Structure formats: structure tokens, C-alpha cells
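A.B. asks: For reference, the chains in residue letters:
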Amino acid sequence: MSATADQRDIGGPAQPLLIARNLAKHFAARGASKSARVRAVDDVSFTLFKGETLGIVGESGCGKSTLARLLLHLIQRDSGELIFDGEPVGAPRGITVAALRRNVQMVFQDSYSSLNPRMPVQDSVAFGPFVHGRRKSEARRAARDMLVKVGLNPDLFGPRYPHELSGGQKQRVNIARALAIEPRMVILDEAVSALDKSVEAQVLNLLRALKQQFNLTYLFISHDLNVVRYISDRVLVMYLGRVVELGPSEAIFIQPLHPYTRALLGSQPSMDPAHRIEQPPVTGDPPSPIDPPSGCRFHPRCPFAEPVCAQRSPELGAWRERDSHVAACHMLDPASGHSKAMQ
Amino acid sequence: MSQTAALPATFADETSPAERVRGYWGTVGYRLRHDPVTLFFGAIVLLIVLMAIFAPLLAPFDPYKESVVLRLKPWGYRGHTLGTDELGRDLLSRLIYGARSSLLMGLVPVAIATFLGGTLGVIGGYAGRRVNAVIMRTMDVFYAFPSVLLAVAISGAMGGGMVNGMTALALVFIPAMCRVAETATAQVRSLDFIEAARATGAGTLTIVRYHVLGNVLGPVFIYASSLVSVSILLASGLSFLGLGVKPPTPDWGLMLSTLRQSIYVVPLSCALPGAAIFVTSICFNLVSDGIRSAMDVRL
Amino acid sequence: MNAEPIPAISAQQIAGTAFGHDEALVEVRDLTVRFVTRETTVHAVNGVNFSVRPGEVLCILGESGSGKSVTLRAMMRLLPPRRTRIEGSIAIDGQDVLALDKRALGELRGGLVSMIFQEPMTALDPVYTIGTQIAETVLRHKGGSRAAARARALELLELVKIPEAARRLDNYPHELSGGLRQRAMIAMALSCGPRLLLADEPTTALDATVQIQVLILLRRLQRELGMGTIFVTHDLGVAAEIADRIAVMYAGRIVEEGPVADVLRAPLHPYTQGLLASTVHGQSRERDIEAIPGSPPDLRRLAAGCAFAPRCGLVQSECHAAMPEPRYTAAGRMARCVRITQAALAAAE
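Taken in sequence, the protein lines are chains A, B and C. Quick note: the first sequence, position 200, residue 270 per our numbering, numbers continuous. Quick note: the second sequence, position 96, residue 97 per our numbering, numbers continuous. Quick note: the third sequence, position 330, residue 628 per our numbering, numbers continuous.
There could be a bad hint or two in this list.
Claimed, not checked - Some, not all, of what chain A presents toward chain C, calculated at C-beta under 7 Å:
1) E129
2) S130
3) G160
4) R163
5) V167
6) A264
7) S268
8) A271
9) V297
10) A333
11) L334
12) H345
13) D355
To be verified - Per the computed footprint, the stretches of chain C lying under chain A, defined by three or more beta-carbons under 8 Å from a beta-carbon of chain A, are:
14) 375-382
15) 408-414
16) 534-542
17) 556-568
18) 588-595
As the list claims (entries may be wrong) - Distance ranges between label pairs, derived from CB positions:
19) C:E623 to A:A344: 29 to 39 Å
20) C:E456 to B:T205: 46 to 56 Å
21) C:A575 to A:A344: 19 to 29 Å
22) C:V334 to A:R78: 34 to 44 Å
23) C:A575 to A:G81: 36 to 46 Å
24) C:D586 to A:I324: 16 to 26 Å
25) B:T207 to A:H96: 48 to 58 Å
26) A:G160 to C:D586: 47 to 57 Å
27) C:E321 to A:A106: 49 to 59 Å
28) A:S263 to B:L51: 35 to 45 Å
29) A:I324 to C:E456: 31 to 41 Å
Read the hints as simulated data drawn from the structure, not as lab findings. Every value quoted in this text rests on a predicted model; they were computed, and no experiment measured them. Built from N, CA and C at the ideal position, the CB exists for glycine as well.
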């Protein structure tokens, strides 16, 4: 089925499903001085190809969740451009935000707040189809079908309330809700992070199976590198609102280019008591996104930092090809003046 | 890879024991049924309500029938179980009929305030920013006055009477009700499932109707139930001051006021309307407490 | 085939001889914890035995609802007494924790035993500066002058590698970043030189690059100060970094226990095996992860028998009869599974 043409597919398989160009979102910092801005997302560009899974990794405050909400227009972007299957979103000649939301859905991190506590879960799932004009009974039927697809018995679990479900079951319901209006793309914002490992594995398997069946494109946001490596075709690494590295999953994990990516990978516990990590790859905490460091935002923590890193912001290379692997680091740019720059 | 093979062949949690689904209201009901204190006082409230409804059947005499000869007779005098008042009217009948106005004055203002204040609160809480500021600052103005003073001032300005009294009480309760609804709404609004609903493309009204109201009604209802006893007390106070129910309508507050002058003649009878106010108000209060603790289900 | 379970007593004797005459710092026996409410009883911990020697790090590994945090809190008597029923015995440095009165308990907490939490904001008071709080704790337990206590606070902040410690003394908790806050909490926990440190997922809420720093710090401090440590975590990787021994908990029981390398490399219990297999770390992207089916049991109605049986791929009829007693394959290497005897014999041959 994945090979059959999707009528909703406008530009053909070669056309990216989503292009983000120079997205930016700044918030006024609360409690700080008036001029202070939280640069939550700053000049982020990437391409999401049809049928792929793009992983977004980064630590807290790197802007990955803000980015997800920008893509769905849950937050208004300050600047930048969003193009869905060749059509600019919200532009006069493009598609509307409503149309975008028919095509893109989101699964939130499982927590007490992800499902309406006063609504049986089958009604939560049915809400999407209902909003999109289906009759209540039809929406209910669609919801029950979708519950089956995510591995929940609708007779047993449909009438239950969220607090009567385990974390994994709730997350299955959340997935069912996102898929109920048949989107083409799903944003998974830390969708498995709150789950126990044994349950996380179940949900990851389910996500992979559903992707096949519904011909989906995933944007998978997580702080867990192992999970991102497993599920993603390509990975985008964010640090303080900027993209620092983008490339095919294996390339990033085997040969990371950016010092931050290397530090992130080196911080992963070894899983082997005989080879424990003796020295932390980087010291200190990620700085606050309020008035972030100048130039390369990683330079205060970077072991290779040189004056140029504080002065100029490095460019992320060209990333239009699926297999291109790029990083925003002066050491990769021979013209940057960094002493370790590749010649 | 064939997609059917990849999908789960069996349901994920067939193994987990089938749990009886009780749901939120089910749990609340279960707790209430197992709370003897609330049940007991709930029964008294029910009796008072029934008494008000069936007053014409229960009252032994016409509560309006005056008699010059029968003024201020003691308990048990010629079939007047609880004696008569200063105009010779049967006290028991007047107490029974008095439940009507007390309940009316207790419930109607709260209902009005719940509807209006709740609506304003939900609007303010969901819209946020400027709309919220306008609504809440207006409410804050009312907050500046003590509720009793405000009720007396409003009904005094409007000239007494049952309707004006109820309007005054409703106006007193609206700001508090609005605040409760606003807080609850703002809290719900920040949760992910609202964002998820927005992401499905639902409009504001749909979201409020399906996702916000259900979560706001609980706290609003709890607060409203606690206001009923306050309203009964305030209403009696207004009547006592001549700003509420007008004579000759039987009303506990009014009866307290008129019988007060005869306190040395029929001391026991004088205490009766006060006792009725006290019992009704405290029963509503305790029932409200029971409901509050029963509805405190952690979800 | 010798299917006779080895009695627990003899195994402990083996353990005793193997460990020499080290006096145990912590000795927990048959600990059960139940939470009783109007409607239900939750069987959170169901007969837990373990001991910790001075200077040893025991990791209690388990998923949510396994009872690992409850066990830890019971050791500090931090559970709400009105709803909690605790049975069994907990001895820390020879003191019977469950029998202590309020005053003795106050001396135990923060003195002999300290605890660090996942969320430092729950342990730190937002209205006092870090320096004041640490100094207060020192004063309360050790006495002395205010100036000395403050000097000690500075020393502690330097010990936990807080940069510009002298300046940080006057910071309020909310002015610190997550990692620094965690370090400040650790400093406070260490202020009175505890012999036992209880750590409840102290690195879980931290970012990856910060988590490893805190882990390395904790490991170093624990070694230098010779503290016995009980470290509760759900993360196998964290356990691998810090533990000497691991106890795996499931449904309120320890189902497997042993030295960290043995448990991670050759797990005995099917649950531990499943946990290892389902933890994503470099699996092939072509295949599904071997997940454990189903979800953990409902602690309000635990069936007799092995609690893992409904999810276990190797289940036998006798699994449902009774929870298997602890079985030892070597000194200090325990699992509660009916298959152990066969497995151990096979491994020995």
C-alpha cells in the first residue's frame, strides 16, 4: 500500500513534504529586563522528505518543542517560511492553517495533561473526526477502529477515562487521536520519553508499524539519542535555538561533526560497568536561551573554542540532498580562520 | 515488510485484568454513597426541600390567616403546635411556608451567579490577556466591598422586595464565582489536550464546549454548593432588615425580625425561625463539604 | 535435575562468609509497605530483603510502580504515616528505623542518612539562599558557630564543584541552573557527613551532558567519603555507571540481585532479560525491538505467584502457584525465578 499513490500527494515523492526556512520565534523573557529576549528558535531551516523520519535531538531549552509548535501554527512564528508539499502555509497563494492541521498532527509527551481527564478516551479520539465534520456515531466508529490499530481493545479501553489507563496505554490513545484524522505527517514531541523502557519499546514498534501502514512522515523529537538513532532516517541536532548539525542518522552517530554532537554522544552512559566514563565530555550546564552567547552558541562550553567562535556565527552547510551531512562549526569551514579548520 | 504482519496481532493489554470502569462521576457517587455524614445531612436537606414543595399539604393552617384573639399564644394552644405569632398566625404553618422563600433566596441567586459569573470566568480564563484583564479588574472592584455590606447597599438602593433581594445577592456572588471559573479555566487551558484539540483544527467554541466546560464545572459546582448556605444566611439578613422579602409573605428572616419584639412573651417561638435558618444553612454547608471531598478525585 | 530451591538461609550464610566479617550498614528484612485508602489497598512493597555494606553502592533498578522509591522513602520514614502500613525491619547502622521516635528520627535524617531527590526544588527551600540552608543544616546537626557553619557550606559547594562557590552561597535556588541546583542539593545532603546516602533518581530530570557530570561527581564523592549508597533509578545506563551491585525490582519485590557486571551481562530473571532487550541502545533499525508485552500488574490486586508471569515468555504452570523464593547461583547472586536451578546448573556445566 505504501507504494500506491496517495491522492493527497501533490508534488510527487521527490518534493519535500515540509520545508522550514529561517524560522524564528523570540519570546519576551519574564522577570528579566525588558530588552531580554528568549531566542527559543532562531533561524532554523530544514527539509522533511516524504516518508522519512527526521529526529530532532537537543537538551532542554534548545527550542525543539517550540519548533514543533511553530510547525503546527500553535505558536505564531516571528519570521520565516513554512512550505507544506510545495505550498506556503498561511500565505495568500498557499494553504491555510486549517488545511495544514488536517495534514499534520502531533503527539505530546505523555503526562497527566495529554488527555482530557473528564472524557472517555474513545471520545478524545473521536474528537478530531467530529471536528472535521463527521457525524458523532461515525466519528465514534472511526475512533474505535483507530484504537484497534494502536493495539487497544475498544470494548475494554474505549469507555475508560485517562486515569484508568497506564502510561503506555495513554500514549497509544494519544497516537490514535493523532492518526484519527488521517494526517500525512505526525510530530512526536518526546512521545516516548515518559514511558518505562519496556513500554517504550512497545510504542516504538507500534510507531514504526503505523508509519508503514499509513504512509506517514515523522518528525521525532527526543532527548534520548539511542531512541532517535533507532527510529530516525536523518537527525537534526539543536543547541540553544539553532541547528548545529543535520545529517543521516548513522553518519551522525558514527561520525559526528559538531563538537556539541560529540559531547552529547559522549555523555551517554556506557551500559558497560567495565568501561565507565571517567571524564565528562563537557562541563557546565547549557546556558539559558535568554540572551544566548554571541557567535557560535556552544563556544563557552566548547573545548576547541577560539576567538572567531565568539565573533561570528558559523553557517550550516547546504542540506538539500537527502544524504548530505552538515554542521555549523567554524572548524569545518576552511575560510573561517579557526586554527583547526579543515584545509 | 508486509504491514499487516508488523501490526500487533493481539491487543497490547489483553493480559491486564479487566477493571471495572467507574469513571469520574461514578467514583464521586460511590464516595458519596459511602459517606454517612453527608448522607445524613443530605437527607435533612431533602426533607426541607420536600417540606417547601409540599407546604400546602403539610401546613395545618393558612399561614396568612390573622386573628386578633390568637396573638402570641404558647406552644400547643388549640391545635397550634408551635403557637402563633404577633398577628395570630399559625407559627408552624409559617415556618413550613418560610422554607420556600429561604430556599428560593438561597438557590436562585447562586444559580444566576453561577451562570453569569461562570460564563464571564470561562471567557476571561480562555481568552486571556486583555479580555481577561477587563473582566477580572471589573470583578476586583466588587471584591473591594464586604459581601454583606454590598448586598445591603444594592438591595437598599433597589428598594427591597424578593426579586431585588435575589438580584442583589446574585450580584454579590458573581465576582467570586467568576474568579473560581477563571482560575479553573486558565488552568485547563494550559494543558496539552487543549493544544491537541487546537491542533486537530477545532474552533474555540468547540474546544470550550467539549474540553473546557467539563473540567471547569466541577470546581464551579463545588463552590456554588458552598455559596447556597451563605446565600440563605444573607437573604435572611436582608429580610430581617426589611430589605428582602416583604410582609406578609412567610419568611424566616422576616419572622425573626417581627417576633423579636415578643421575645419576653414567647421566647421559644422567637428562637424557631433562627433555628430553621441555622439548620438549613448548616446542612447545606455540610453537604457541600461532603461533595467537595467526594469530588476531589485525583485524575 | 535438581529442582530443589536452595533455602534462603543457607544462601545468606554463603553470602556472609564471602563478604567476610563486614558489618552491614543497612539491613532490610521482609519489608512490606501498603497504602490503605478508603477504597483500596495498594501493595507497593511486598517482602523486600537487602543489605548494604559501608562504602557500597546498591542500585535499585525498576520501572514506575515497582516500589523502588517507596522502599527508599520507607527507610527514611518519609511516607505519610496515616495511610501507610509498614512491616518488616529496617536497620541502619544498628538502629531500628521503624522503632525510632520523632527526635531520634530527626537526628537520623540529615545526620547519619541523607537523601537526594529527582527534583531539587522539592528539597531546597525557595525563600532562603543556598548558603543559609546548608549552614542551617550544619548548625542543627553539628552545632558550632554561624561563621564556621558558613565556612563549611562554602567548603561543601567547592566539594561538589560548583564554580564560583563563594558567590553561589548567596544565590537562591531558583537563580541556579538545573545542574547547579542538583549539586547544591548534594552539598546539603553531604553537609553532616552521612554514612548512608539515599538517592532517588537524582539525575533523571537532567540533560544528558549534565547528567553524566553529576553521575561522575556522585561516584567520586561516594568513593572519597566512603558512603554506603542506595541509588534508585529506572535507567540501566545510569546503573552501569555507578552501581557496585544491582537489585532489580518488579511489582514490589526484588526479582534479581547481583554484582553490576553480572546482572547487566548475564541477567538471570526473564524480566531483567526483557528490560535489557527492550532498552534501545544501538539495535538494528531493520527490526523491531524485543519489547516485553503487556504492562506491569495492578498493585491493588496482586495475584499469587510470580507477578511477572503474565508477561513472561518462559512461563510454566508452577509460576502461577507461588512467588518463587530467592535462589542463588553464587554468593550474592540471586534471582526469584523457577527456572534458575536449571539455568544455573547448565551454566555450571
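A.B. asks: Is it true that the C-beta distance of G160 of chain A to D586 of chain C lies inside 47 to 57 Å, as the hint says?
C.D. replies: 39 Å, violated
A.B. asks: Does the closest beta carbon of chain C sit nearer than 7 Å to the beta carbon of A264 of chain A?
C.D. replies: 9 Å, violated
A.B. asks: The hint says 34 to 44 Å between V334 of chain C and R78 of chain A; measuring C-beta to C-beta, is that right?
C.D. replies: 55 Å, violated
A.B. asks: Let me know if the C-beta of G160 of chain A comes in closer than 7 Å to any C-beta of chain C, holds or violated.
C.D. replies: This interface hint is violated because 33 Å lies over the 7 Å limit.
A.B. asks: Within 36 to 46 Å: is that where the Cβ-Cβ distance between A575 of chain C and G81 of chain A falls?
C.D. replies: Cβ of A575 of chain C to Cβ of G81 of chain A: about 41 Å, so the range 36 to 46 Å holds.
A.B. asks: Holds or violated: is the Cβ of V167 of chain A closer than 7 Å to a Cβ in chain C?
C.D. replies: 32 Å, violated
A.B. asks: Holds or violated: E129 of chain A as interface residue toward chain C, Cβ cutoff 7 Å?
C.D. replies: Since chain C brings a Cβ to about 4 Å from E129 of chain A, closer than 7 Å, the hint holds.
A.B. asks: Are E456 of chain C and T205 of chain B spaced within 46 to 56 Å by their CB atoms?
C.D. replies: 55 Å, holds
A.B. asks: Holds or violated: 31 to 41 Å for the Cβ distance of I324 of chain A and E456 of chain C?
C.D. replies: 39 Å, holds
A.B. asks: The hint names A333 of chain A as touching chain C; please verify it with the least Cβ-Cβ distance against 7 Å.
C.D. replies: Hint holds; A333 of chain A Cβ to chain C Cβ min 6 Å, cut 7 Å.
A.B. asks: Less than 7 Å between beta-carbons is the criterion; does L334 of chain A satisfy it with respect to chain C?
C.D. replies: The hint holds - L334 of chain A has a Cβ within 7 Å of chain C, the shortest such distance being about 6 Å.
A.B. asks: With a cut-off of 7 Å on the beta carbons, see whether A271 of chain A makes it to chain C.
C.D. replies: At about 4 Å, which falls below the 7 Å cut-off, the nearest Cβ of chain C leaves the hint on A271 of chain A intact, so it holds.
Of the numbered hints stated above, those contradicted by the structure are hints 3, 4, 5, 6, 12, 14, 15, 22, 25, 26, 28, listed in ascending order.
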